Amino acid sequence: MQNILSILFCLSLFYLAVTPRVKAYVAVLRFQGILLTILLMVPFVEQFSVFAVILPATLFIIKVIIIPRYINKIILELDIKRTIEPTIQQFNFLLLVIFSFIVIFLASSILSLTTNIETIPFASGFAAVTVGIFIIIFRKKLIVHVCGFLVLENGIFLFGTAVASDLPIMIEIGVLLDVFVVVFLMGIALNRISSTFEGFDVTILRRLKD
Amino acid sequence: MLEFSVLILIPLIAAVVCYLIKSIRSQYVISLIVGAFHLLFSFIIFIGLYKPNLPFFFSTDSLSKLFLLILSNVYFWVVLISFSYLKRPVTLKAQEGKKYYFLLLNFYLFANTAAILSNHFGMYWVAAEATTLSVAPLIYYYRNEESLEAMWKYLFLVSVGIAFAFIGILFLTLSANGTIMEGQQLFFSEFVKNAAKLNPVWLKASFIFIFVGLSTKIGIAPMHSGDVDATSNAPSPIAALMSGSLRITALLGVMRIFQILTPTSSYEFAKLILIIGGLLSLIVAFIFMFKVNNYKRLLAYSSVEHLGIITLGIGIGGLAFAGAMFHTIYNSLNKMVLFFTAGNIHSRFKTREVNGVSAVINLMPWTGWLFLLSFFAISAIPPFGIFFSELMIFRGMLFSDKPWILAITMFLLLFIFINMGRTLFQMLYGEKEEKNIQEKESFEIIHFAAIVLLILLIAIGIISPGILQENILSISKDFGIRL
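Note that the protein sequences, when read in sequence, are chains H and V. Be aware that the first sequence starts at 17, since it is given in the numbering used here, and climbs by one per residue. Be aware that the second sequence starts at 1121, since it is given in the numbering used here, and climbs by one per residue.
Misleading hints may appear alongside valid ones.
Distance ranges between label pairs, derived from CB positions [stated by the list, open to error]:
#	chain 1	residue 1	chain 2	residue 2	range
1	V	K1597	H	I81	31 to 39 Å
2	V	K1522	H	K225	44 to 52 Å
3	V	K1522	H	F30	41 to 49 Å
4	H	I185	V	V1136	22 to 30 Å
To be clear, the hints were calculated from the coordinates, so they are not data collected in a lab. Being a predicted model, the structure only gives us computed values, none of them experimental. All C-beta atoms in this analysis are idealised placements derived from N, C-alpha and C, irrespective of residue type, glycine included.
Model the full assembly from the supplied sequences, consistent with the hints where possible.
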């Protein structure tokens, strides 16, 4: 089950690599949030406990409902154009993503020989971190950078389940809240940027340098 | 529970109260009382009059006691001068920022205390991220384009960096695979005890990720840019807060993982990484000191330089390690004076460009002389404390197995001193412009704070209290260093 979900997760990353629309990024974030929620719910099939529902529920509320809605609201309010404005061609970007997937999956399968890890979720998590970084590097729009950051965070979350680290529930919720507040602050900053500068891409942020 | 409530709960409650109260003056009084209590309590804990017994994921050791004292000291002075700072005229847009100033400051104290006292890597991460979140809106205090850009860059870069640190923490879980630590919680103390059994490959990976991730927050090269932008565009109390206390909180995370690596085979590797990070920071500071023409950026690069020296000292080990611990204290005291006085200069001349500022000594004698003295202090001129700590670090380098590092460091520091001096003297002396002649400045609370801090800087350096020495010896012992 964990493997199927991880592969679906990887497919969503590929979709990110080819789509030119900002809205699609938000949809993918919502989809990934649902996948991660299901992943956390899997243990309940065998053993149900009310207390353990808190974490998946918080995850669902933050990653599937609040954050995508918030980003959509920003896109609407600021009237951001629909395309993502890449700095390199989409095809080259896809090649880069495929290449890094190959490297990551090979490396993970080699690592799994010596360490006890779930290969596919481990590699998928790492791939998501890489794709998140690529999105931040190769896209101009600031709102897309926020999406890239969230993809990176989702990757880390998946990665965390793969290495079977069970942090205390209080800390997991703390992590989720931190991510939420980061996105919230970034949204406010974007609002200010749109009213202070003309445009929403990184090229306007060049006042500070030596 | 007493220590837990004074150190962690009360700042949080104060933050909520500051949200409810509208009057800035009452917010200030509340924050000052909280800060004073916090300082008093950290001091009592530091000198060992009270043995704290913290619940949940918190605990204290020699290292956290020292860093806690540095934090509360910086916080107290920053709050003390904040009210006079907030009274200064700002643009209409910036008026709204004042409402949340003390709220965020209290929240910062809460988050930073939690980060320093945490005994659990997960807790540390959550709290460290919370400090970023509380500082980011404060950077945007002036509500202008530069501060907005600085806030965005800081928030983004540090959030991505700290996400990398989280990957490092997950690697630490992997390193426990197949040992008795498997499936255990991520407590520092437990990991330190069982460090020798951990998997060295994953430990190395974990160290690299945590170091690179947190170095965005520490502000050491090559990840310094967000931090430099933020420190140079934040209002000066916040810049002092960041240089004096936030950077060492991030350093604490690196030191925790470094402590775990101490008894393992990866120790030499980790030391090498720290040395490279430190030297790179010195080189970056060296290069930018030639071309910087914004005095707040100059001070921000000076922070990069000193955090570089501290990292270098930790990496060298031995006497240099103890020197680096002393250096964290002196650096935090000194940076406060520098940023406070630089803030005064900024509010008088309304510019951060060096060329727009001249004859500070004549126009603002109090600020000018204090700025000059704090420049001497940061350049390690005796009798200021930094002289003693740098001497210690240099001795440690000389008697280590890599004495050539001393030569490089001395060379870089000399040029940093010359360039910094050239720029600052141009500001302090230089020709007096007609339009700037106004009435002489009066003695304000900022000057009082600066004088007390400079006296502290000299006194701690010369007297070198026994309790402090004992504490640093015990930290060194925790890191497996015999002095």
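A quick look at each hint next to the structure:
Range check, K1597/V to I81/H: about 51 Å between beta-carbon atoms, so the 31 to 39 Å window is missed. A beta carbon spacing of about 34 Å between K1522/V and K225/H contradicts the range 44 to 52 Å that was offered as a hint. As the Cβ distance of K1522/V to F30/H is approximately 48 Å, the hint placing it in 41 to 49 Å holds. In this structure, I185/H and V1136/V meet the distance hint of 22 to 30 Å, their C-beta atoms being roughly 24 Å apart.
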